[in-house]
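Enquirer: Residue-level listing of the chains:
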Amino acid sequence: MISAARAKTSSAALSLNRRHFLRAATGIGLGGSLFSFSPAPALALPGARKAVVVTFGGGARDDETFAPDGQENIPHLLNDLIPRATFFSQVVNRGILGHYVATASLATGAYETFNNFAAAPPDNPTVFEYFRRELKRPASDAWVVAPSNGFARIGESGHRSYGPGKGATVVLPKRLLTAALGSGGTRDYEHLLLDSYESPVYSQTLAGDVEGLHRLAEILKLSVQDFTRLAKSLNSPDELSVFVARQLMRRLAPSLLWITLHDMDIAHSGAFSLYVEGIRRSDQLCAEIWKMIQSEPEYAGKTTLLILPDFGRDSDAEAGGNGFQHHRTGDASSRTTWMMALGPGIRENVIVDRPVESIDLVPTLGSLLGFSPRLSKGKPLTEIL
Amino acid sequence: MPISAAELKKEHFAKYPPEARQLAMRYVSLLSELPLSFLPLLLREIIQYDWKFPIERRDLDRQLSYLASQTADVRRRTLASFGELQLSPALTRMDWVSAPVRFSEELTAYLWKSRQIDSFRAAAVTYVRNLDAAARAEPLPMRRLGIVLVGKGVTDNKYSLFRKLRPRGVYFTQVDPQNGVQIVLDTVTQRAGAHRASFAHWYIDGGPPETIPSVELSRVSYHSLEPVRTALLDRVRKIAQTHSMGPEGVVTTLAQMQPEELGLSGDSVLNRFQVDLLTQGSGTQVFSTTFVQWAAREALRRAQPLTLLARFAPRQRERPMNELLAGTFPSELDPQGALVDADMGGYYTWLNQQRLSDAEKSSFLIWFEGHREAVAIGPSLEPGTESTERLSLAQILKKIA
Chain A
1 MISAARAKTS
11 SAALSLNRRH
21 FLRAATGIGL
31 GGSLFSFSPA
41 PALALPGARK
51 AVVVTFGGGA
61 RDDETFAPDG
71 QENIPHLLND
81 LIPRATFFSQ
91 VVNRGILGHY
101 VATASLATGA
111 YETFNNFAAA
121 PPDNPTVFEY
131 FRRELKRPAS
141 DAWVVAPSNG
151 FARIGESGHR
161 SYGPGKGATV
171 VLPKRLLTAA
181 LGSGGTRDYE
191 HLLLDSYESP
201 VYSQTLAGDV
211 EGLHRLAEIL
221 KLSVQDFTRL
231 AKSLNSPDEL
241 SVFVARQLMR
251 RLAPSLLWIT
261 LHDMDIAHSG
271 AFSLYVEGIR
281 RSDQLCAEIW
291 KMIQSEPEYA
301 GKTTLLILPD
311 FGRDSDAEAG
321 GNGFQHHRTG
331 DASSRTTWMM
341 ALGPGIRENV
351 IVDRPVESID
361 LVPTLGSLLG
371 FSPRLSKGKP
381 LTEIL
Chain B
1 MPISAAELKK
11 EHFAKYPPEA
21 RQLAMRYVSL
31 LSELPLSFLP
41 LLLREIIQYD
51 WKFPIERRDL
61 DRQLSYLASQ
71 TADVRRRTLA
81 SFGELQLSPA
91 LTRMDWVSAP
101 VRFSEELTAY
111 LWKSRQIDSF
121 RAAAVTYVRN
131 LDAAARAEPL
141 PMRRLGIVLV
151 GKGVTDNKYS
161 LFRKLRPRGV
171 YFTQVDPQNG
181 VQIVLDTVTQ
191 RAGAHRASFA
201 HWYIDGGPPE
211 TIPSVELSRV
221 SYHSLEPVRT
231 ALLDRVRKIA
241 QTHSMGPEGV
251 VTTLAQMQPE
261 ELGLSGDSVL
271 NRFQVDLLTQ
281 GSGTQVFSTT
291 FVQWAAREAL
301 RRAQPLTLLA
311 RFAPRQRERP
321 MNELLAGTFP
331 SELDPQGALV
341 DADMGGYYTW
351 LNQQRLSDAE
361 KSSFLIWFEG
371 HREAVAIGPS
381 LEPGTESTER
391 LSLAQILKKI
401 A
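First to last, the sequence lines map onto chains A and B.
Read in order, the letters of the first sequence are residues 1 to 385 in this note's numbering.
Read in order, the letters of the second sequence are residues 1 to 401 in this note's numbering.
Treat the hints as calculated values from the structure; they're not laboratory data.
Idealized CB from N, CA, C, for every residue including glycine.
Check the hints yourself; a few may be wrong.
[As the list claims (entries may be wrong)] Short, incomplete list of chain B residues facing chain A, as computed with Cβ under 8 Å:
| # | residue |
| --- | --- |
| 1 | W51 |
| 2 | W112 |
| 3 | R121 |
| 4 | A122 |
| 5 | E138 |
| 6 | R166 |
| 7 | V286 |
| 8 | T289 |
| 9 | T290 |
| 10 | W294 |
| 11 | V340 |
| 12 | L351 |
| 13 | E373 |
[To be verified] Covered, in the sense of this in silico footprint (three residues per stretch, anywhere, with C-beta under 8 Å from a C-beta of chain B), are these stretches of chain A:
| # | region |
| --- | --- |
| 14 | 109 to 115 |
| 15 | 266 to 278 |
| 16 | 326 to 339 |
Excised from the complex, chain A in its bound form (with noise of 0.2 Å):
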């Protein structure tokens, strides 16, 4: 029998894990953590005045990721990021374990509890509203590309001192696709058009966004029969996320832009081999959103760039759940994750062990932006301000 002992990983241990791992690869950390490096010139640098948050909707397991075997999926982490960034190695998600519930928390900065599958404004104030009132920024500063319908209500919360029109203004790629096929056939977009994973017995239609399709494309300097073209080039729906975050990039410039990958998630249907499938896309385009932020004058010197999982997926050893399948045990595996920081000012090729949780994002973001997220419950990360 499998010992309890042996399934009980816990997340110090994920995160020592984590950093054997990174040095066996990368050599990174080998000076130890954090404090044992002398204060870095780059602390005197003015602080980023811009902030790319890109999430994964869809968490993946050191097994496929950190852990030797994994590694091959994602070399553009290992060997273009991290060497360049400090590397939270413990990152805990105490809360529900539903990807819109979670990433609503991880934009809130306080673990909400409203339904996963409802269509719900989280009750916190989200970063995008504090960010827009205290420094008085315009809509088109603060912009959400997210994977799917359930995520339509991130962008502003149903707090009573802040809500509708406060917050950023959040794009559905797919939503957007399907408006712009139409009723004509979506036959050649079929690969981008894939909605949740979390529920796989039960997948909404998806609705069309005509007035906000051709909204966007107005914005964005893009014809409808341009966006159906190029989007046809396309692999994935993640793809599909990155090409119109690089759009935003280039055509408004938002100081504050979020962007939630969701391609991995595939793995609740169980197999394994899109899972992993999903886990390298995510790795490139982290790759090229990093690039993208270093080509674009608006962006190149000035931008913070954050990557997080939103949570991690249940460990084999647990029984009680069905490995990479699902998030859904609440073991160590599922609740523990890592964060990465890049940008100016930030330290290069540092690991932090220290236990840090996946609340902490928005107070983070709000000292590296300048305003205060007075009702978050997280803590700044000290280690990249």
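Model the placement of chain B on the given structure of chain A, informed by the hints.
Expert: Leaving out everything else, chain B in the frame of chain A:
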């Protein structure tokens, strides 16, 4: 009218299936003393008693008699962690006697929302550990054997197979593939004949099933269940089109479906098991590889078979979930993707077999069908070794069976 546990009476179980009703009535005194955070979970098992496998019935009988044998004080201590969980007023108002499955789903959602899920999980782990410790281990009539075949339909492969299983056993690189499938089927047949018992020997196939002589062998195949899957997906489509309920409501509705509604006839226990695979498993309706892995997991967890043969077959290529469910385009197969899925599925099958009793004596074989690669695991084999000896599958099976 909501009732408390203390108010439970025999007549509350009047709508339970016959054998479940008898069991619940026999233990009504015990049940009335259990905390509400635990009792409906036990009722969820009891209400399904009529469709449980023999070993599941034995385990449930044991669990009830274990609790009944304790004094009230000891039982309170045993279940103290469950008793400390706070339930919402809405939960206490539910009809948890007649609908324990629905209650369990609501309870789970509430535990997550109220951040008590970790406490619940810890309580459950401790409870099961104590229950297992109290149970007397019975020797198995024969050593348990799991066999997994992967890669049907794959001619060339560059994927490195069995990486997770190689450290557990011997990695054979020169297997003689001649008559391999038949040798495996003969082994399963022979074992089923040697120890005849209901649901002790299983054959699960992701494609059309092979013909096997009439022995006591529980057979499940993705291919044979096609009419059932079609009927089920049709039902899902209709519910989705009405937008009358969210995903949780759909799952609950599907869980209540009867085998007869989906066109199944014959063995009621096996039929219920198959319907459960399709209504409670994610992806089992659309990917044959997921179906085989989940069926093997559930067969091992629930029936605890002495012999399990799980054969993976090519699955359909990925398409949008709406189309996979609707079947609007002809299926295109993805044998290579299925091989990767099956490689992981084989590892999970071994893991699940290791969760059963006498795991240290059990044996396991995974073979790349039609090819020369296999891993065999057993008490007589040296873990983490490699063999280049040219052996037939019969010779390898002889080493471990």
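Enquirer: With reference to the structure, classify each hint as holding or not holding.
Expert: Structure-based check of all given hints:
Given hint, W51 of chain B at the interface with chain A, is violated; its Cβ is 21 Å from that chain's nearest Cβ, farther than 8 Å. Hint status for W112 of chain B: holds, given a least beta-carbon distance of 5 Å to chain A, under 8 Å. Below 8 Å, beta-carbon pairs count as interface contacts, and R121 of chain B has one with chain A at about 6 Å; its hint therefore holds. Using the Cβ-Cβ criterion of 8 Å, the hint placing A122 of chain B at the interface with chain A is not satisfied: the shortest such distance is roughly 10 Å.
For E138 of chain B, the shortest C-beta to C-beta distance to chain A is roughly 15 Å, which exceeds 8 Å, and the interface hint is violated. Because the beta carbon of R166 of chain B sits about 11 Å from the nearest beta carbon in chain A, more than 8 Å, this interface hint is broken. About 7 Å separates the beta-carbon of V286 of chain B from the nearest beta-carbon of chain A, less than 8 Å, and the hint is met. Given hint, T289 of chain B at the interface with chain A, holds; its Cβ is 6 Å from that chain's nearest Cβ, closer than 8 Å.
Checking T290 of chain B against chain A by beta carbon gives a least distance of about 3 Å; that is within 8 Å, so the hint holds. Of the supplied interface hints, the one on W294 of chain B holds, with its beta-carbon coming within about 7 Å of a beta-carbon of chain A, less than 8 Å. At a threshold of 8 Å, the smallest CB-CB gap from V340 of chain B to chain A is about 4 Å, leaving the interface hint in force. Because the smallest distance between the Cβ of L351 of chain B and any Cβ of chain A comes to about 6 Å, under 8 Å, the interface hint for this residue holds.
At its closest, the beta carbon of E373 of chain B sits 17 Å from a beta carbon of chain A; the interface hint therefore is violated under the 8 Å criterion. Beta-carbon proximity to chain B at under 8 Å applies to 3 residues in the region 109 to 115 of chain A; the threshold of 3 is reached and the given coverage holds. With 9 residues bearing a CB less than 8 Å from a CB of chain B, the region 266 to 278 of chain A meets the requirement of three and the coverage assertion stands. With 4 residues bearing a CB less than 8 Å from a CB of chain B, the region 326 to 339 of chain A meets the requirement of three and the coverage assertion stands.
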